[in-house]
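S.K.: Protein chains in written order, with numbering that gives the first Met the number 0: chain D, 0 to 195; chain E, 0 to 161.
Since the hints were derived computationally from the structure, they do not count as laboratory data.
Hints should not be assumed to be uniformly reliable.
[Claimed, not checked] Derived CB-CB ranges, DEER-like: (1) D:Phe83 to E:Asp88: 45 to 55 Å; (2) E:Thr66 to D:Ser170: 55 to 65 Å; (3) D:Val39 to E:Gly68: 29 to 39 Å; (4) D:Glu51 to E:Thr66: 23 to 33 Å; (5) D:Ser171 to E:Leu116: 34 to 44 Å; (6) E:Thr138 to D:Gln81: 37 to 47 Å.
Glycine included, every Cβ here is placed at the ideal spot set by N, Cα and C.
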Amino acid sequence: MSFINYSSREINCKIVYYGPGLCGKTTNLQHIYQKTNPDVKGKMISLATETERTLFFDFLPLALGEIRGFKTRFHLYTVPGQVFYDASRKLILKGVDGVVFVADSQIERMEANAESLDNLRVNLKEQGYELDKIPYVMQYNKRDLPNAASLEEMRKLLNPTGVPEFEACASSGQGVFETLKAVAKGVLADLKKMGG
Amino acid sequence: MLESQLVMQPEDFDKVLAIIQKLVRDANAKGVFVVDKAGQLVGEAGEMQGVDSTSLASLTAGCVAATGGLAKIVGEEEFPIHFHQGQRDNLHMTLVGDRMILVVVFDERSSLGLVRLRVKKAGSELARLFEEIRKKAETEAASHGSPFAEITDDDIDNLFAD
Numbered sequence: 000m001s002f003i004n005y006s007s008r009e010i011n012c013k014i015v016y017y018g019p020g021l022c023g024k025t026t027n028l029q030h031i032y033q034k035t036n037p038d039v040k041g042k043m044i045s046l047a048t049e050t051e052r053t054l055f056f057d058f059l060p061l062a063l064g065e066i067r068g069f070k071t072r073f074h075l076y077t078v079p080g081q082v083f084y085d086a087s088r089k090l091i092l093k094g095v096d097g098v099v100f101v102a103d104s105q106i107e108r109m110e111a112n113a114e115s116l117d118n119l120r121v122n123l124k125e126q127g128y129e130l131d132k133i134p135y136v137m138q139y140n141k142r143d144l145p146n147a148a149s150l151e152e153m154r155k156l157l158n159p160t161g162v163p164e165f166e167a168c169a170s171s172g173q174g175v176f177e178t179l180k181a182v183a184k185g186v187l188a189d190l191k192k193m194g195g
Numbered sequence: 000m001l002e003s004q005l006v007m008q009p010e011d012f013d014k015v016l017a018i019i020q021k022l023v024r025d026a027n028a029k030g031v032f033v034v035d036k037a038g039q040l041v042g043e044a045g046e047m048q049g050v051d052s053t054s055l056a057s058l059t060a061g062c063v064a065a066t067g068g069l070a071k072i073v074g075e076e077e078f079p080i081h082f083h084q085g086q087r088d089n090l091h092m093t094l095v096g097d098r099m100i101l102v103v104v105f106d107e108r109s110s111l112g113l114v115r116l117r118v119k120k121a122g123s124e125l126a127r128l129f130e131e132i133r134k135k136a137e138t139e140a141a142s143h144g145s146p147f148a149e150i151t152d153d154d155i156d157n158l159f160a161d
């Protein structure tokens with residue numbers, strides 16, 4: 000749910016990074032945080048365990064610039080990927096405007112990817128959203144690893160509808176901004192559509 | 000179907016500010032914040048300029064959402080009032096209508112009883128106002144459409160030109 004404030008001339012949108020445990024959602028946000036100018040980003044918050052596993056969410060506010068005289072702000076969130084944190088994942092999806100699914104390219108994680116994607120669909124539905132109707136992009140992360148599955152295989156399993164997709168290596172930053180730009184574009188295009 | 004957008008016109012925003020500025024005075028509060036349940040800051044008032052209100056909004060929404068989840072587990076619909084007591088500052092959160100949260104930060108200059116009393120009145124005023132804003136946004140969207148209908152693909156691309 001975007002928030003448009005005509006008084007301060009701001010548009011605020013919420014983007015959620017979803018995916019199985021250890022797929023690199025937090026790493027995506029950390030890279031964005033490290034590589035953006037201090038004047039466009041707020042503080043990054045990570046509610047994590049002592050072993051740096053996401054417990055509730057990570058949060059990063061970004062100001063992308065102006066569009067038609069309105070400041071556009073994106074609030075990026077990650078969900079905790081581990082299966083047993085499902086209750087928390089549902090809460091974070093509340094009011095979402097766009098979703099990035101971060102898939103782990105390692106062959107042995109394919110089942111976890113598929114399970115997490117199903118879980119995303121179910122949890123969105125509970126909030127009254129349809130994954131196929133909201134701005135949504137796919138990121139194939141960890142492409143640099145030797146045990147990465149082929150793109151064709153991942154596409155077939157995770158992206159049969161052909162949403163925008165990106166190969167990435169979040170730890171080096173490859174593909175991270177391309178993914179963010181694509182989802183942000185999708186959210187703004189949706190805003191335009193809703194107005195039209 | 001997406002939850003409806005929150006669209007706030009300057010005159011409505013002024014009304015929100017007037018209510019929370021009055022609440023700051025009436026409750027002797029340090030600061031008052033209105034946050035939506037998705038974690039966006041809607042308005043703030045008081046002497047807490049410089050505080051990271053964006054993070055405050057996001058964490059408030061997370062806290063309320065987690066407590067709401069707990070409520071359902073124990074068989075409650077919601078816990079509409081939350082109170083966090085600190086050594087110096089305290090935090091009082093109340094649900095306003097079905098999508099807003101009113102946060103009051105106060106110290107020894109005030110008391111929980113006073114804050115509760117004042118929040119009750121301000122909360123119901125805000126709930127009425129947000130209901131009006133929602134209705135107005137619906138009728139306006141139906142009659143005029145949104146100004147963002149005019150956003151072009153170039154506008155969007157320009158945001159990312161670096």
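S.K.: Looking back at the hints listed earlier, which ones does the structure fail to meet?
M.R.: 1, 2, 5
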